[in-house]
Every structure is written in structure tokens, then in C-alpha cells.
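Visitor: One letter stands for each residue in the lines below.
2 protein chains.
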Amino acid sequence: MALLPKALEDLIDALTTLPGVGRRSAERYAYYLLRRDSSRTDAIANALQNLHKNVTYCPITFALISKSEELSSLYTDTRRDKSIVAIVEDAFDVVALENTGHFKGTYHVLGGLISPIDGIGPDSLHIDQLLLRIKKDNVTEVILATSASVEGESTALYLQKQLENTSVKLTRLAQGLPIGLDLEYADQITLGKALEGRRLL
Amino acid sequence: MALLPKALEDLIDALTTLPGVGRRSAERYAYYLLRRDSSRTDAIANALQNLHKNVTYCPITFALISKSEELSSLYTDTRRDKSIVAIVEDAFDVVALENTGHFKGTYHVLGGLISPIDGIGPDSLHIDQLLLRIKKDNVTEVILATSASVEGESTALYLQKQLENTSVKLTRLAQGLPIGLDLEYADQITLGKALEGRRLL
Numbered sequence: 001m002a003l004l005p006k007a008l009e010d011l012i013d014a015l016t017t018l019p020g021v022g023r024r025s026a027e028r029y030a031y032y033l034l035r036r037d038s039s040r041t042d043a044i045a046n047a048l049q050n051l052h053k054n055v056t057y058c059p060i061t062f063a064l065i066s067k068s069e070e071l072s073s074l075y076t077d078t079r080r081d082k083s084i085v086a087i088v089e090d091a092f093d094v095v096a097l098e099n100t101g102h103f104k105g106t107y108h109v110l111g112g113l114i115s116p117i118d119g120i121g122p123d124s125l126h127i128d129q130l131l132l133r134i135k136k137d138n139v140t141e142v143i144l145a146t147s148a149s150v151e152g153e154s155t156a157l158y159l160q161k162q163l164e165n166t167s168v169k170l171t172r173l174a175q176g177l178p179i180g181l182d183l184e185y186a187d188q189i190t191l192g193k194a195l196e197g198r199r200l201l
Numbered sequence: 001m002a003l004l005p006k007a008l009e010d011l012i013d014a015l016t017t018l019p020g021v022g023r024r025s026a027e028r029y030a031y032y033l034l035r036r037d038s039s040r041t042d043a044i045a046n047a048l049q050n051l052h053k054n055v056t057y058c059p060i061t062f063a064l065i066s067k068s069e070e071l072s073s074l075y076t077d078t079r080r081d082k083s084i085v086a087i088v089e090d091a092f093d094v095v096a097l098e099n100t101g102h103f104k105g106t107y108h109v110l111g112g113l114i115s116p117i118d119g120i121g122p123d124s125l126h127i128d129q130l131l132l133r134i135k136k137d138n139v140t141e142v143i144l145a146t147s148a149s150v151e152g153e154s155t156a157l158y159l160q161k162q163l164e165n166t167s168v169k170l171t172r173l174a175q176g177l178p179i180g181l182d183l184e185y186a187d188q189i190t191l192g193k194a195l196e197g198r199r200l201l
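Residue numbers (the numbering used here), protein chains in the order written: chain A, 1 to 201; chain B, 1 to 201.
Note that these hints are calculated values from the structure, not bench results.
Worth double-checking, as some hints may not be accurate.
Each pair may be met inside one copy or between any two copies, as identical chains are not told apart.
Straight-line Cα separation of at most 30 Å, DSS-like style, residue types lysine-lysine; simulated pairs [to be verified]: (1) Lys169 x Lys6; (2) Lys6 x Lys104; (3) Lys53 x Lys161; (4) Lys136 x Lys67; (5) Lys193 x Lys67; (6) Lys53 x Lys6; (7) Lys53 x Lys193; (8) Lys193 x Lys161; (9) Lys6 x Lys67.
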């Protein structure tokens, strides 16, 4: 005998397909939605249905854009310097860098990081388009803004090799102590990088 | 300038209405769904739209049932003893008790616990229907199976007062050490309850 109605079980099953959502969290979400008005459930359902309908990728930078736009406004904006390109893993990294207010160049979203374990090779990423763009836009500096993880480092290394015979200046985001972290709580690798990259005052 | 397409922002906003889901988790869910096939997004959207369409409450026990059923099968099943009623807070508590395989009575879902801080008084709960049912089904035992929290205790106390002039036997789930917990890690209240409720061997 099924203990919960089928429609509720179906929703719980559907919600557990989300990353990091287990049976318990899915039950909690489903039961919360059930106790509230159906308008809230419908709002989420509509937003889900509009996602693939209205969102696409910029064919040059691979940043996320609305289907009503042709290119990312962070690329077409004439105040942005097209000769400087920051390479990031995904679209949310663009938001993170933009929020610093420190960057006036353009972006190139790789769509992932090289990770042989997960079967992601260079061919799965938007690297060919990057090489094309470097020529077309006369790019002078490429900032490797992938994360400081193993995959981020391997991807940066791969791109470095791809670009070593060009005149493009390659830079990498600084690695070191995050602001606010007590020295004694920093891990050895971070501390090692901070020491290695020490600056003259 | 909006950094993310509107449809993506809308979905992130919609997902943050779920309990315990912050901006970061919502972004993670939305981005995950965007990178996968639209069939997955549609599956969740459909399950959401079916929820309120197909799920309702049993008018006697207030357990969750499909709209195609009239009453909860845990009530109509003739092998269940209608004279014993376990009072629980919500529908998932029914599942938890059923999964023990130890209970052959019926259930009554209160739909919450008395909590003056949250504005939930006895009138918001299915208590009148419980009193009716006790008469109609000749209930002999009511098991107060609310949780061992402040609200669970107040609700149990309130029900105890409502039923003190009837011949119904009132019982409460045992409180004490959970299985597998080391004595030294038990909190004082739990340990106090375990001592108070000690049994002769």
C-alpha cells in the first residue's frame, strides 16, 4: 500500500534530481508547497518552463543571455575593453567578477573545467571559440580566472600551452590568504601559495 | 545592467521561496537545470502542477490521499483497529510510524502543533474532528504521538485536558535515550526523561 499519494511521491522523486537534494529535503519542499496555495507551486512551475524557452548562450562569450538578445551586453558594451578577456568556468563566475566592479574587459565562459575523471576533456569546453576570438578581437591579455582547484589548475595549464606560441599576455588570478582568514586556520597549500606569491611593499 | 537573463533570475527567485533554500542553493539548482536537457525541467514543472490537482486530505483522518480516493486506505482497511487512534502532527509522521510496522490502529493528523508564537492556536488544528471521531468510532485509546518538542508537549497537554472527562485511555510515546546514542552525549532533558520513565526488568 502506498503511504503517500502518487502525485506527492512523483514530486518528491522529481525534486531529488536536483543537486544535493536528498529524500528528506525533497519531502520538506513538497510538503511545504502542498500546505501553501497552489499559486506558489504554479509560479515555480512556470519559472521552470520558461528557463529553457528564454535563456540561451551568447555565441561569442558563452555567457547566459535572454533569447531576445543576440550577444551578451557585457561583450557588446562599447565601454568594455575587448582586448582583455577573462576566462571563467561558468556563467555565475561572470556575476562574481562583475560584482567586484574592478574588471572592464570582457569574458569567455568555458562551460566547465577539464576533468578526466568526469569525462570532460578540452573538446567539451569552448576553447576553439576562444582561440578564434583571440585572433578576431586582437586580444592582448587573457586572464585565467578559473578556480584554484585541481581542475581549475589543469585547465589553466592546458590553456597556457595552447597559447604559448602567441603574443598574448597570460595572467592568472592571485592565490593567497582570503581576506579575514586567520593565518593559523589557512591550509598548507594556500599558505604555500601566499608565501610563493609574496609582494614587495 | 542585468547580469543574468530574466528567466534565470525569475527561476532563482521562485526557488528561494522553498524552505531553507537561499540564493546560493537556488542558483545551483537553476544552473544545473539549465545545463541539462529541458525534459528534466519539464518533469519537475509537471510534478509541481499535478501536486495540488491530485492530492487532497482524507476528511476523517486528514492524512494525504489522491483525489481519486475518498478516504485514507489506512482508515478504510478493515484490518486496522479503528478504536485506537494515533495523533500526529503531519502526514509524514504517518509514514514514519507506518514504517515501524508496529502499529495496527488508525491515524489522526492534526495539521500542525499549538504554537502561540507562530499564531497557531487549537482552532487551526483538526481537533474538533478528532472529538467527533472518538464518539463515532468508539475510540478506546488515543496515542499522543506528537514530537518531544515544546510545541509537541503543549499540544499533548491541550488534548489531554480536552479528553479528561471521557473514558478514553490516553497514552504518550515513550521519551528516553534514542537507540545508538552514547549516554555521555545525551542532553540533560532527554536523560531526565529516560530516568523518570525507567522500566522494571
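Visitor: Each hint should be assessed against the structure and marked as holding or not.
Guide: Results for each hint:
no. : hint            : result
1   : Lys169 x Lys6   : neither (59 Å within a copy, 35 Å between copies)
2   : Lys6 x Lys104   : between (52 Å within a copy, 23 Å between copies)
3   : Lys53 x Lys161  : neither (38 Å within a copy, 57 Å between copies)
4   : Lys136 x Lys67  : within (24 Å within a copy, 61 Å between copies)
5   : Lys193 x Lys67  : neither (42 Å within a copy, 62 Å between copies)
6   : Lys53 x Lys6    : both (28 Å within a copy, 12 Å between copies)
7   : Lys53 x Lys193  : neither (44 Å within a copy, 57 Å between copies)
8   : Lys193 x Lys161 : within (22 Å within a copy, 67 Å between copies)
9   : Lys6 x Lys67    : between (36 Å within a copy, 10 Å between copies)
Violated hints, in rising order: 1, 3, 5 and 7; the structure is consistent with all others.
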